[in-house]
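K.L.:
Sequence:
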Amino acid sequence: MSTAGVLLKLLLPQDPSLWVVSLVSYSAFGLWYEFLHFLSHTRVPFTPGSGVGGYFHRVKANHMRHHRVDSQRWFTFTAPGSVDEWWGTGGGVRDRRRN
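The opening residue of the sequence shown carries number 1 in the UniProt record's numbering; numbering runs sequentially from there.
Keep in mind that the hints were calculated from the coordinates and are not lab data.
One or more of the hints may lead you astray.
[To be verified] For lysine to any residue, the following SDA-like pairs were computed, each having C-alpha atoms within a straight-line distance of at most 20 Å:
| # | residue 1 | residue 2 |
| --- | --- | --- |
| 1 | K60 | F38 |
| 2 | K60 | E34 |
| 3 | K60 | T42 |
| 4 | K60 | L39 |
| 5 | K60 | G49 |
| 6 | K60 | D84 |
| 7 | K60 | R43 |
| 8 | K60 | S40 |
| 9 | K60 | L31 |
| 10 | K60 | P45 |
| 11 | K9 | W19 |
| 12 | K60 | H41 |
Build out the structure end to end from the sequences listed, making use of the hints.
P.N.:
Here you go:
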């Protein structure tokens with residue numbers, strides 16, 4: 001068996017139904033990511049605050065900082081701030097200007 005065959009056998013679940021679940025989950029997350037990216041580049045107004053509008057507002061603000069302030073920071077889409085804070089690529093605009 002080839003190296004690729006061995007890796008696929010080790011990485012892929014043995015049960016074909018798990019393949020379907022994996023594919024659907026991966027596709028759903030990809031669609032959610034692309035949807036958020038699309039919304040971030042539209043002129044749809046989102047109300048700051050709590051709830052769904054607040055979530056979309058935070059996602060859009062985070063992404064616009066990535067484009068307009070520093071392209072090396074604020075990468076996270078689906079959970080604004082969390083992964084960026086873990087990796088040190090988040091923070092406020094004032095923090096960025098000091099560096």
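K.L.:
Does F38 lie within 20 Å of K60 when you go C-alpha to C-alpha?
P.N.:
Holds, because 10 Å separates the two Cα atoms, which is no more than 20 Å.
K.L.:
Does K60 pair with P45 here, judged by a C-alpha cut-off of 20 Å?
P.N.:
10 Å, holds
K.L.:
Would the pair K60 and H41 pass a check requiring their Cα atoms to be no farther apart than 20 Å?
P.N.:
8 Å, holds
K.L.:
Keeping to a limit of 20 Å between CA atoms, is the pair of K60 and L31 held or broken?
P.N.:
With Cα atoms ~17 Å apart, K60 and L31 stay inside 20 Å; holds.
K.L.:
Decide if the proposed pair is consistent with the structure: K60 and S40, CA atoms, cutoff 20 Å inclusive.
P.N.:
5 Å, holds
K.L.:
Under the criterion that the straight-line Cα-Cα distance not exceed 20 Å, is the pair K60, L39 satisfied?
P.N.:
Judged against 20 Å, a Cα distance of about 7 Å means the pair holds.
K.L.:
Between K60 and G49, is the straight-line Cα distance small enough, at 20 Å or below?
P.N.:
13 Å, holds
K.L.:
Compare the distance between the alpha carbons of K60 and E34 with 20 Å, and conclude whether the hinted pair is satisfied.
P.N.:
OK: K60 and E34 at ~13 Å, within 20 Å.
K.L.:
Sort out whether R43 lies within 20 Å of K60, counting only the CA atoms.
P.N.:
With a Cα-Cα distance of about 10 Å, the restraint between K60 and R43 holds, given a limit of 20 Å.
K.L.:
Assess, step by step, whether the Cα of K60 is no farther than 20 Å from the Cα of D84, and give holds or violated.
P.N.:
15 Å, holds
K.L.:
Quickly compare the C-alpha distance for K9 and W19 to 20 Å and report which way the hint goes.
P.N.:
12 Å, holds
K.L.:
Mind checking the alpha carbons of K60 and T42 for me, to see if they're no more than 20 Å apart?
P.N.:
Measuring from Cα to Cα gives roughly 9 Å; hence the hint holds.
Checked against the numbered hints above, the structure breaks none of them.
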